[in-house]
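Participant: Dock chain B against the given chain A, drawing on the hints supplied.
Protein sequence lines correspond, in order, to chains A and B.
When you read off a place in the first sequence, starting at 1, and then add 3, the result is the number in my numbering.
When you read off a place in the second sequence, starting at 1, and then add 143, the result is the number in my numbering.
To be clear, the hints were calculated from the coordinates, so they are not data collected in a lab.
In silico DSSO-like links for lysine-lysine, alpha-carbon gap of 30 Å or less:
1) Lys76/A x Lys313/B
2) Lys58/A x Lys9/A
3) Lys159/B x Lys106/A
4) Lys76/A x Lys106/A
5) Lys248/B x Lys76/A
6) Lys58/A x Lys232/B
7) Lys156/B x Lys130/A
8) Lys213/A x Lys384/B
9) Lys186/A x Lys232/B
10) Lys9/A x Lys186/A
Here are a few chain A residues that sit away from chain B, every Cβ distance over 10 Å (derived from the structure):
11) Glu117
12) Leu138
13) Leu150
14) Leu166
15) Cys205
16) Tyr254
17) Ala289
Partial list, derived from the structure: chain A residues whose beta carbon lies under 10 Å from chain B:
18) Lys15
19) Val54
20) Leu56
21) Ile57
22) Gly83
23) Ser84
24) Val86
25) Gly90
26) Tyr92
27) Glu93
28) Asn100
29) Ile103
30) Met108
31) Gly109
32) Gly145
33) Arg148
A quick note: this is a predicted structure, and the numbers were derived from the prediction, not measured.
Ideal placement from N, C-alpha and C gives every residue a C-beta, glycine not left out.
In case you want the letters, here they are:
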Amino acid sequence: MSVIIKTTNLTKIYGNQKSVDHVNMTVNQGEIYGFLGRNGAGKTTTIRMLVGLIKPSHGQIEIFGENLFTHQKEILRRIGSIVEVPGFYENLTSRENLLINAKIMGIHKKNAIEETLELVGLQDETKKLVGKYSLGMKQRLGIARALLHYPELLILDEPTNGLDPIGIKEMRRLIKALVQERKITIFISSHILSEIEQLADCVGIIHEGKLLEEIAFDNLRKINRKYLEFQVSNDNKAAMLLENHFNIYDYEVHGEGNIRVYSHLGQQGHINKVFVQHDIEVVKIALSEDRLEDYFTKLVGGGHIG
Amino acid sequence: MVDLLYTELLKLKRSKMFLLSILGAVVAPFMVVVSTYIQIKTKESALSVPFAELFYETNLYVVLLIGVPLYGVVTAYLFNREYAEDTLKNLLTIPVSRTSILLSKMLLLFMWIMLLTLVAWGLTLLLGLLGQFQGLSTSLLVKSIKQFLIAGAFLFILSTPIILITIVLKNYVPTIILAISITLVNVMSFNSEHRGLIPWTAAFDIANDTLFPTYPAEYSYLVITATSIIGFIATIVYFRKADIH
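For reference, chain A alone in the conformation it holds in the complex (with noise of 0.2 Å):
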């Protein structure tokens, strides 16, 4: 599987602050990579890097295995994108704003805007100015002008903000289509851990601008740690207990009352008799798994995703 996107040290430097902090990504061809963090963790910033808009403070960008800063016309040329909110000429028709981005690139194959609206589902809106489009059907005009050429990578950059369910649906739908017919790459960042976990085979997760954790969705299924949940009177001496008594460490105490024990999974029994000899009330014994989400939010240092 040959690789298509490889940042070195990527870094975007604003005054004091880093945007984007020594990045170091690989997208393999064929995959769907989810580019997951929150708002502000430098997603759409390493996006525009991707994409040319802005020139990396520090750092290479490789794109199809070329340089992306000496070969950046050849290359962007075999990419279709949409960075952030796609912007369109409001004053024209869908097809009339295709109709630009086909005469700049030169494409003179007949019927190629009518094939991409319909791929996209707007093929009876044509007459319709721009302008007049909802949010999901300028989300969707802009995924036809970046398939127009087709491309072989699509980056796309939080596609499903400011649609309704049933538009994100829609998007996600195309999305996995266009992986199956055309054999895309596909680069897709988001906000919203769900979206990334339907769509993606591999995941990055990035947050303050550091890329903490690049993984294959498999993979960090596996790794998914179980654990006995205790719901107690009192998490302090609980805690205490499980320490002095039992000499476990591998513990979290979330919220309230709430103890995760990471270890000893089959001494839930013997635990909670320690417990009620030592007055703590015992309300609720679970045997669980970590979520994906429980695994991002202990990756970004608490609070959730988005």
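Facilitator: Coordinates of chain B only, in the frame set by chain A:
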């Protein structure tokens, strides 16, 4: 470049700015001819204003008063709309070279300015004929259209600082303020013997062959060339290097 120019023209389809600019270009000839006509008709003395005077006055108002702000707004519209409508990022990732984008827009700006110049000249002619002004001849037509077109070309050449301000500040307001400031300078300096050193008044004088002998003509050409080239180079350098957010 032909394809880029075609796309620039396509972007103007259904745009109200084109009609508005035509309306703006109509103001100077309309005001000059109508006010002159009213003046003649209301004075008891047999005041005679030749056709040549109409062309001169209209060109004066176009170059020094109306032209700079009007063409400034057109310039701001052409160059700022890619930022305002967030379409620049699409153009640059297609990809198109940044210099080509600038040059195609400048070419369209030139065509637009010349068209508005011709509208002003044509309306002066039409209204002058309707008002039955005297002294129209083929040589006057040729001379006046030449003067209008030269002045229009100079206004285009001098648009580079306005383009620079539009691209750097990405807003219509600073561009309009700059255009109004230039107009004020034009008005203030028009009666000065040093007006040959002000690029816009010098442009008018060169077009009409009315340069003062205070300074050699080369000084006026130098001032115009320097203003234009500095603006052009600064625009190219800035636009090629600027991050697009």
